[in-house]
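Novice: Chain by chain, the residues:
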Amino acid sequence: MEPENSTPPPPNSPPKQPAMAVRIGSMTMRNPVTVASGTFGYGPEYADLVDLNRLGAITVKGIGPEEHIGNPTPRTFETRGGMLNAIGLPGPGAQGFIDKYVPFLAPYNVPVIVNIWGKNMDDYGKVVEILDDEETVSAYEINLSCPNVKEGGSAFGTDTDSFSRVIELVRGKTQKPIIPKLAPNVSDIGAFAKAAEDSGADAISIMNSYPAMAINIDTLEPELANRTGGLSGPAIKPIAIKLVWDAAKATKLPIIGMGGIYEPEDAIEFMIAGATAVAVGTANFTDPSTVARVIDGIEDYLEQKGHSSVADIVGTVKA
Amino acid sequence: MKQEKTTVVEHHNFQGDYRILRMAAPEIGPLVKPGQFLHLLIPHLGDRILRRPFSIYKADTGGVSILYKPVGRGTESMIPLRPGDAVDIIGPLGNGFPALGNNKLPVLVAGGYGNAALYLKAKESPVKGVAFFGGRTAEDILCIEEFQVLGWDVRPATDDGSLGTKGLVTAAFDPWMQELGAGSGAQGVEKLELFVCGPNPMLKAMGDRAIKHGFTAWLSMDKNMACGVGACLTCVIKRRTTNGWEWARCCKDGPVFESREIIWE
Numbered sequence: 002m003e004p005e006n007s008t009p010p011p012p013n014s015p016p017k018q019p020a021m022a023v024r025i026g027s028m029t030m031r032n033p034v035t036v037a038s039g040t041f042g043y044g045p046e047y048a049d050l051v052d053l054n055r056l057g058a059i060t061v062k063g064i065g066p067e068e069h070i071g072n073p074t075p076r077t078f079e080t081r082g083g084m085l086n087a088i089g090l091p092g093p094g095a096q097g098f099i100d101k102y103v104p105f106l107a108p109y110n111v112p113v114i115v116n117i118w119g120k121n122m123d124d125y126g127k128v129v130e131i132l133d134d135e136e137t138v139s140a141y142e143i144n145l146s147c148p149n150v151k152e153g154g155s156a157f158g159t160d161t162d163s164f165s166r167v168i169e170l171v172r173g174k175t176q177k178p179i180i181p182k183l184a185p186n187v188s189d190i191g192a193f194a195k196a197a198e199d200s201g202a203d204a205i206s207i208m209n210s211y212p213a214m215a216i217n218i219d220t221l222e223p224e225l226a227n228r229t230g231g232l233s234g235p236a237i238k239p240i241a242i243k244l245v246w247d248a249a250k251a252t253k254l255p256i257i258g259m260g261g262i263y264e265p266e267d268a269i270e271f272m273i274a275g276a277t278a279v280a281v282g283t284a285n286f287t288d289p290s291t292v293a294r295v296i297d298g299i300e301d302y303l304e305q306k307g308h309s310s311v312a313d314i315v316g317t318v319k320a
Numbered sequence: 011m012k013q014e015k016t017t018v019v020e021h022h023n024f025q026g027d028y029r030i031l032r033m034a035a036p037e038i039g040p041l042v043k044p045g046q047f048l049h050l051l052i053p054h055l056g057d058r059i060l061r062r063p064f065s066i067y068k069a070d071t072g073g074v075s076i077l078y079k080p081v082g083r084g085t086e087s088m089i090p091l092r093p094g095d096a097v098d099i100i101g102p103l104g105n106g107f108p109a110l111g112n113n114k115l116p117v118l119v120a121g122g123y124g125n126a127a128l129y130l131k132a133k134e135s136p137v138k139g140v141a142f143f144g145g146r147t148a149e150d151i152l153c154i155e156e157f158q159v160l161g162w163d164v165r166p167a168t169d170d171g172s173l174g175t176k177g178l179v180t181a182a183f184d185p186w187m188q189e190l191g192a193g194s195g196a197q198g199v200e201k202l203e204l205f206v207c208g209p210n211p212m213l214k215a216m217g218d219r220a221i222k223h224g225f226t227a228w229l230s231m232d233k234n235m236a237c238g239v240g241a242c243l244t245c246v247i248k249r250r251t252t253n254g255w256e257w258a259r260c261c262k263d264g265p266v267f268e269s270r271e272i273i274w275e
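Protein chains in written order, with my numbering: chain A, 2 to 320; chain B, 11 to 275.
Since the hints were made in silico from the structure, they are not lab data. Some hints could be false.
Said to hold, decoys possible - Restricting the straight-line Cα-Cα distance to at most 30 Å, the calculated cross-link-like pairs of lysine-lysine (BS3-like) are:
#, chain 1, residue 1, chain 2, residue 2
1, A, K174, A, K195
2, A, K101, B, K12
3, B, K43, A, K101
4, A, K101, B, K79
5, A, K127, B, K248
Unchecked claim - Just the calculated beta-carbon pair ranges, DEER-fashion:
#, chain 1, residue 1, chain 2, residue 2, range
6, A, Q18, B, L160, 52 to 60 Å
7, A, R81, B, A96, 19 to 27 Å
8, A, L221, B, E256, 28 to 36 Å
To be verified - Listing some non-contacts, in silico: residues in chain B with all C-beta distances to chain A over 10 Å:
#, residue
9, K12
10, Q13
11, D27
12, P36
13, R61
14, E86
15, G94
16, A109
17, V137
18, R146
19, D169
20, G177
21, T180
22, K201
23, A236
Glycine included, every Cβ here is placed at the ideal spot set by N, Cα and C.
If we strip away everything but chain B, and leave its shape as in the complex, we get (with noise of 0.2 Å):
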């Protein structure tokens, strides 16, 4: 964990409302492991002081850049910052996901621009699988071309049916899930190992297929942070035990935790 205050290196649209902010990070750039985040100070962000946490899409020796929709204050904020605008960043943060299991079939699940998180996975990863991307249309489905280069086998799914399967990402991932189950035993379900990022629920809807099925997801859990070191504990949530529960901190403990660990609330 570093902390640089460095400069923007580039900024552009990305696609639709999607940007790419890649910033100069000597320190923090070759530190990076896929599923880990950044604590970024945005300026100009006035009278609000608290940082705000990114996933890191892409790392290297040289910076780090995150993709990022302008939702609220803080990426609002962002849209000015021009090449040589002064930043502050903390990472990499933040456990990441593990490596993948002996003889286990990756898939990706993400939604919307959750994918980001996923791509160094994706590249990391020494067996490519399948990726299911979903969002509300085919504007909301990042990325495609850079995970199918990589070997991935790509399966959009959209809301509004403009690209892919027409509904949830679940949509695409349950019949094609179903068909892998009715080969039973080393073909079946159980030799898969999920990486998921995405909304809550769409976290939730693939920990409980993942324990249902008995195969293996690795969530990355998104909790509003504060210090995003795991000093304030804002960003807990609650981790079964072998008697009960405890408070795991999403920013130090995870983000990335198992689909069995979490208990939802």
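Isolated chain A (complex conformation) (with noise of 0.2 Å):
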């Protein structure tokens, strides 16, 4: 600008707008609101009914090495405030991804966070061996707490040593940002916090379903073929925000805060606990236009209270 032209504004003119856009390792969201792997399919499953560009990134749901089957049905049950599911993480795999995925996604402007997972320690590898060139990759998630994956998954979001490992491994063959998932049902979730920061991480995403459960009384069966499953939606959300308020008091890291975002308020809440950024998850299921309204109720309550930049709300609860 030049120095002639910087007189003060007119006193009508709008305030400035806040900031929104939020790191993530060397990743770059444009708005702090991403979407909830397992929630929002690939990205073209939504693209009739969401602005993908709006999003400050694409979460897709869970890809492990290989194609995968998932759970046999029922797979999800609604519950009082919630559902259940156990989805059992079916996919195309890493290579699939690629072939039906990525030509869609490439033209977005918009990063694309990929949800990785394995039934042991060298499948973590091997997804990232795959999927690492694609330009359109822009960050790994790593599942490390699906409730409804025997083989691994959950177990090593359960025990901090082969938590590390994990990391460590997939630190080793990459140089794009990599975001565990934490496990809810753990006794301390700031050691896997720490654990993750050690580890070589870039960010930590808290959380993933809650293992949970239902039965049919008249049947006497479980309402999920899987039997168990993760409890998700607006019942678990003071879970997540106590997990977050825990993690962030002993990492640095940023946290992609997640469970049960219904309306901008909830995610405000997940950014004054400590998040950096959000994921909107079975809301998307509930009402596909959430994502949209919670971007812009963020930028409105930033404005509200004179905030130039939505950092300046991350983790200031007074307690």
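Need the complex rebuilt from these two chains, each delivered in its own frame; the hints are there to steer you.
Specialist: Following this line, the structure appears as structure tokens:
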């Protein structure tokens, strides 16, 4: 701007819009809102209903090394204020993802976070090896906490040693940001947050769905074919808020907070608890316009409170 | 596929416990093809968070209608809806019924209010054939006149015999099919093309007949859904492939499948 033009703005000019961009390692999100893995498919499923370029990032459904069939049905069950799921991570595998979904995602101007999972330690490395040359893949969320796959997933997420080893292994295979997704059912989330930081992670996601169960009282059978599943939706939000608050005290890593975000106020609460970014999950099923509403609502809140940047509210809880 | 935050235009009793809900849908209405469905976010559903899918009964440039019976928490919560009330719909969803094949004789088969999902097909079909509608009692057989006005030969069947043939819909269909089969060749059962919507046992019964007798049957499958758009993978069924099977999503890959595609569990 030329100096002679740098006069004060006229009194009626709108206030400057708050800065919404956040950084997760080397990845910049234009705003702090992504979607929770497994609730948004791979992108095309919601492209008619949601302007994908508005998102801070797209987080796709979990990708394993190979095609995977997932669990038998019933796979979900609605509960009060939430739902159980035991989908079992069906998907096309890493190469299938590249063939089937990368061509769709590439033209969008939005970072893509690929959620990766494995049945064993080596699987995580294989997925990253297959995906890492793809420019469209911006970051990896490491699923160490799926409650619905017997072979691995949550086992890695509830023991800090194997948790750290998976992160170190992935760290050794990529320069892209890596974001372990933490299990909620641990006695000390701070220990996992610290372990993630020490193992070279760029951020952490909190939380995965909470291990849960529902039983039909007439048939005496569990409502899910997998017998147990993960609880998501508004019912788990206060659990997730506390986990984010606990983790934020233990690590300097950015936290992507999620669990029952339905309204902008929910997302703001996560950020005040310590989350740098947030993910909308089950609410996508209820109302696909939630993501846009949450982004707009965060911006409105920052303006109302006179903040110049979304970073101003992160971790400001008086506790 | 669109999401419309819109309003109720009309809501009234239709017959017995059955009700018709019409909603303004200037964006969704014109896109609807026969056999597609809507995903409705029912207002005042309290702590239940998921949408509920409904077959589209009628659609035009101004709106969409569904025909339903209050049978559970979701549909019972719909009863107080009044014209002007806000509703949120996503649609049209699913692939719908394909166009009638050349030289085929269309047959509609429905159980209960499943025939609501067949009305647009009945209207669109260039040839009007026979419609077999089954239900518990006469009160459960809906819209007979509407299908007759379109030119369909409606043959009801009721469990209690209060209307049409006594028994399941197959009790009316089987003798008719056998009579037709006696003609064989171009006049035989091979030229039948069924469009079916109803409870699973009925879908399977018609699918079994299609395979056994060599005709086509398009079955509108009903499976619990969450997202409705193909993302969550809740509503999957086993679909036959050349070397085994795969999961197919009722919401996105269906809800209509040809009988030979389905592996029943």
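Novice: Failing hints, ascending?
Specialist: Structure breaks hints 4, 9, 10, 13, 23.
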